[in-house]
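Note that the protein sequences, when read in sequence, are chains A and B.
Start counting the first sequence at 645; every next residue gets the next number (this note's numbering).
Start counting the second sequence at 1295; every next residue gets the next number (this note's numbering).
Hints are computed from structural coordinates only; laboratory data are not their basis.
None of these values were measured; they are calculated from a predicted model.
Be careful, since some hints might not be right.
Stated by the list, open to error - Only part of the chain B face toward chain A is listed, based on derived beta-carbon distances under 7 Å:
hint, residue
1, A1318
2, V1338
3, Q1340
4, V1364
Even glycine gets a Cβ: it sits at the ideal position worked out from N, Cα and C.
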Amino acid sequence: MDSDPMQPSAAQPSWARRVNNSETAQRLPDGDAELMLQVRDGDEACFTQLLERHRNAVIHFLYRMVLNQAVAEELAQEVFLRVYRFRSNYEPTAKFTTWLFRIATHLGLNWIRDGRHEKGQESLDEGADGASRQVHDRSRTVEQELVYQAKLREVRQAIENLPSKQRAAVMMHKYEELGYAEIADVLRCSESAVKSLLFRAYESLRMRLAHLA
Amino acid sequence: MGCSLKKSVAEELIVAYAARTLSADLEADFERHLETCAGCRELVAQQRAVWSLLDEWHPLPVSPDFDRKVFERIAVARSRRWWIWRFSPALPSR
C-alpha cells in the first residue's frame, strides 16, 4: 500500500489518473431534457418519444432488480406515470436519465424492502422446477440449454443474495453503463460510497460464482 | 510478494479492466503491473468470469401492450384528478 493514488510520480505508473469512466462519456448527449421540458409545456408527443427511448432500459433494469418480469413491467408503468405526473415540476438540473433511474430505483428498492415477493407472490419467471423463463436459443443442444439454464439460475441467485442497494448499483454499472458519478446521483450518495457498494458486490459475485468460471 | 497497489485503487482498476473501460495508457500500465502481481491477475480472471456470466443474463422481451397500459394509467390518473377537482368541497369556487 504505497503512494497516494491522486499523486502521480514519474517513477510510477499513472494510477493517479482516475479510472476512465468512458461508459459515462460514451452515453450520447441526447435531447431528453429538452423533450421533458416540452412535455412540461403540454406536448404529449414528446412524452411518447421519451417512453419509446427509455422503456426497455427501465423495464430491463427493474426486471434484474426484482427478478420478475410482470412486476418489473408494473413498476415501470408506475415510473412513467410518475414522470408524467411530475412533469410540471421538472427542472433539468440533472440528466433526465438520472431522474428516471432515481424513480425506478426508488420503486424497485421499496418493492424489495417491502418483501412483496416473499408474501406469496410467486415469481412468474420461474417454472415449477425453478427454471428461469429465458428465451430459448435454438443454436444450443438440449444438453447445452440445460447447462445454460443451470448457470443462469446460479447467476440470478447470486444477484438475489446481494443487498438491494448493491444490486441496484451493479445493475446500473453493468447493464445501463452508468458511471460512478451518475450512480451516486441516482442513489443520492457519494461517489466513494458507490465504489464501495460496487466493489463489495463484485467481490461477493466473484466468490459465489467462482465455481462457474 | 504482496500487491503494491492500494486496495481501493486495485479494485477500481480490476473492475474497469475487466469491463474494458480503462483508457489505453492506463490499461498498458495496469498490464505491466499484472505481469508481476499474481493476486491481481487472479482477481482479474475472476472478475472477467463474473462479467461474462452477467453478459449471458439476457432480459426478457417487453410486453407489446406496455405503452398502452402506461397511457391507460395516465388516463385513469387524469380522470381521478378531474373528479377530485370537480367534487372536492375544500377547493375554492369553480
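The hints, checked one at a time:
1. Annotation: A1318/B was flagged as interfacial toward chain A, and the flag is violated, the nearest CB pair being 9 Å apart, outside 7 Å.
2. About 10 Å separates the beta-carbon of V1338/B from the nearest beta-carbon of chain A, more than 7 Å, and the hint is not met.
3. Residue-level restraint check for Q1340/B holds (minimum Cβ-Cβ distance to chain A is 4 Å; threshold 7 Å).
4. Checking V1364/B against chain A: minimum C-beta separation of about 5 Å stays under 7 Å; hint holds.
The structure does not agree with the numbered hints 1 and 2 stated previously, though it agrees with the rest.
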